[in-house]
Amino acid sequence: MLDLMQDEVFKAFSTYALIVILKMMLMAPLTTFYRVRRGAFASEEDVAHKSGEERKKLLRTHPDVERVRRCHQNDLENVVPFVLIGFIYTLSGPQLSAAILHFRIFTGSRIFHTISYVGAFHQPCRGLSFLVGLATTVSMAYNVLSQFSNL
Amino acid sequence: MLDLMQDEVFKAFSTYALIVILKMMLMAPLTTFYRVRRGAFASEEDVAHKSGEERKKLLRTHPDVERVRRCHQNDLENVVPFVLIGFIYTLSGPQLSAAILHFRIFTGSRIFHTISYVGAFHQPCRGLSFLVGLATTVSMAYNVLSQFSNL
Amino acid sequence: MLDLMQDEVFKAFSTYALIVILKMMLMAPLTTFYRVRRGAFASEEDVAHKSGEERKKLLRTHPDVERVRRCHQNDLENVVPFVLIGFIYTLSGPQLSAAILHFRIFTGSRIFHTISYVGAFHQPCRGLSFLVGLATTVSMAYNVLSQFSNL
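Chains as they are written, first to last, in the working numbering: chain B, 178 to 328; chain V, 178 to 328; chain X, 178 to 328.
Worth flagging that the hints you see were computed from the coordinates, not collected in a lab.
Watch out, some of these pointers could steer you wrong.
What the hints assert, rightly or not - Pairs of lysine-lysine, DSBU-like flavour, derived with a Cα cap of 35 Å:
no. : chain 1 : residue 1 : chain 2 : residue 2
1   : X       : K227      : V       : K200
2   : B       : K233      : V       : K200
3   : X       : K233      : B       : K233
4   : X       : K227      : B       : K227
5   : B       : K234      : V       : K200
6   : B       : K234      : X       : K233
7   : B       : K233      : X       : K227
8   : V       : K200      : B       : K188
9   : V       : K233      : B       : K227
10  : V       : K234      : X       : K234
11  : V       : K188      : B       : K200
12  : V       : K233      : B       : K234
13  : B       : K233      : X       : K188
14  : V       : K233      : B       : K200
15  : B       : K234      : X       : K188
16  : X       : K233      : V       : K234
17  : V       : K188      : X       : K200
18  : B       : K233      : B       : K200
19  : V       : K234      : B       : K233
20  : X       : K188      : V       : K188
21  : B       : K188      : V       : K233
22  : X       : K233      : V       : K200
23  : V       : K234      : B       : K200
Note that the structure is predicted; figures quoted are calculated from it, not measured.
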């Protein structure tokens, strides 16, 4: 079992996978931060300590909260496939340099994606960083599938 | 490490896992397609090039966009568990024929699920395909757990 | 391949991972249960057998349905990272007792989280159980990363 941990590609994969997963998990505290800051909650028990009138006001959606939540959702939709496909790709025995290139481009694209999303940067910042991440993941999947069929 | 890649069950698992993950990832461009086609966007920067009045009109939800997003969400809720449980199931050393049967039924059920969801087919098309996929994943989990406890 | 399955840490990881994934998957039938019970559906084909007037009434959101859906979403955002990071952590060769402690605390925290969320318990029940689960996952990630850099 420790053999896999000695492998350079797997070590690189683990490091970058942990970084992007931790980045994704950061979105939850960030959502809470915006919920408290903007006064926009979703569950009644979160505003139970407030008086009746104020309670109703706080149970609402706010554009800034929704923006962070969409960013979190986009992470789920892209980071999780990257980790799953990246693991299979790592096992398929790619060249270390090619593998690290894939992992770095993906990680960079997702960090830039989060900054452009939360910061509401002008398009196509967010769109492009999303596409770069998508292309990296598809490229890894293509590598594995073409190896299986000996293309 | 390459030992796993020589294993027939793992090769089958990898192939079907990649197919369903790529299918799931396809939902993102499909959402964008419907957003542009129906003129229903979520972020202000996506409509920044429009004039003031038109901008407000385009920041809305549309039933077709929401439908594709629900389908994407349902994929996340089912495809990711399939891949995670399927990997543990693959390592537990199942018979090749039984494993391939599980992978094929799941993959087929999810493709049919997406078609019935996006195409708004009469129920119980979507409901049944969802249940078949769920049952396949639960069956794999049951196989692993019963092996652990020597049932 | 079966070597991994003989490993005690991996066996423990597999068991707890399967439990929390199955728990997460349970949220889908629970959502359907609340949709039917409260009469709050999202897709037109789900209410196609009703008459015109009733159909429109049933296409709505209901706080109880939204609550279960938020709980499901929170599971996706936390259980999936736990399984992915937990797998890498398992491969990094931790002590069996430390590993089982991590897995048990996480599993317990998520079960309590679901009960407090669906049951609308007073805060900080839900908040604390969420934070405990988050801390467990971050602790596993920290273990792996510190091993890589020989801290």
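Here's how the hints hold up against the structure:
no.	hint	verdict
1	X:K227 x V:K200	holds (33 Å)
2	B:K233 x V:K200	violated (41 Å)
3	X:K233 x B:K233	holds (26 Å)
4	X:K227 x B:K227	violated (41 Å)
5	B:K234 x V:K200	violated (41 Å)
6	B:K234 x X:K233	holds (27 Å)
7	B:K233 x X:K227	holds (33 Å)
8	V:K200 x B:K188	holds (28 Å)
9	V:K233 x B:K227	holds (33 Å)
10	V:K234 x X:K234	holds (25 Å)
11	V:K188 x B:K200	holds (31 Å)
12	V:K233 x B:K234	holds (24 Å)
13	B:K233 x X:K188	violated (48 Å)
14	V:K233 x B:K200	holds (32 Å)
15	B:K234 x X:K188	violated (49 Å)
16	X:K233 x V:K234	holds (24 Å)
17	V:K188 x X:K200	holds (28 Å)
18	B:K233 x B:K200	holds (33 Å)
19	V:K234 x B:K233	holds (27 Å)
20	X:K188 x V:K188	holds (22 Å)
21	B:K188 x V:K233	violated (48 Å)
22	X:K233 x V:K200	holds (32 Å)
23	V:K234 x B:K200	holds (34 Å)
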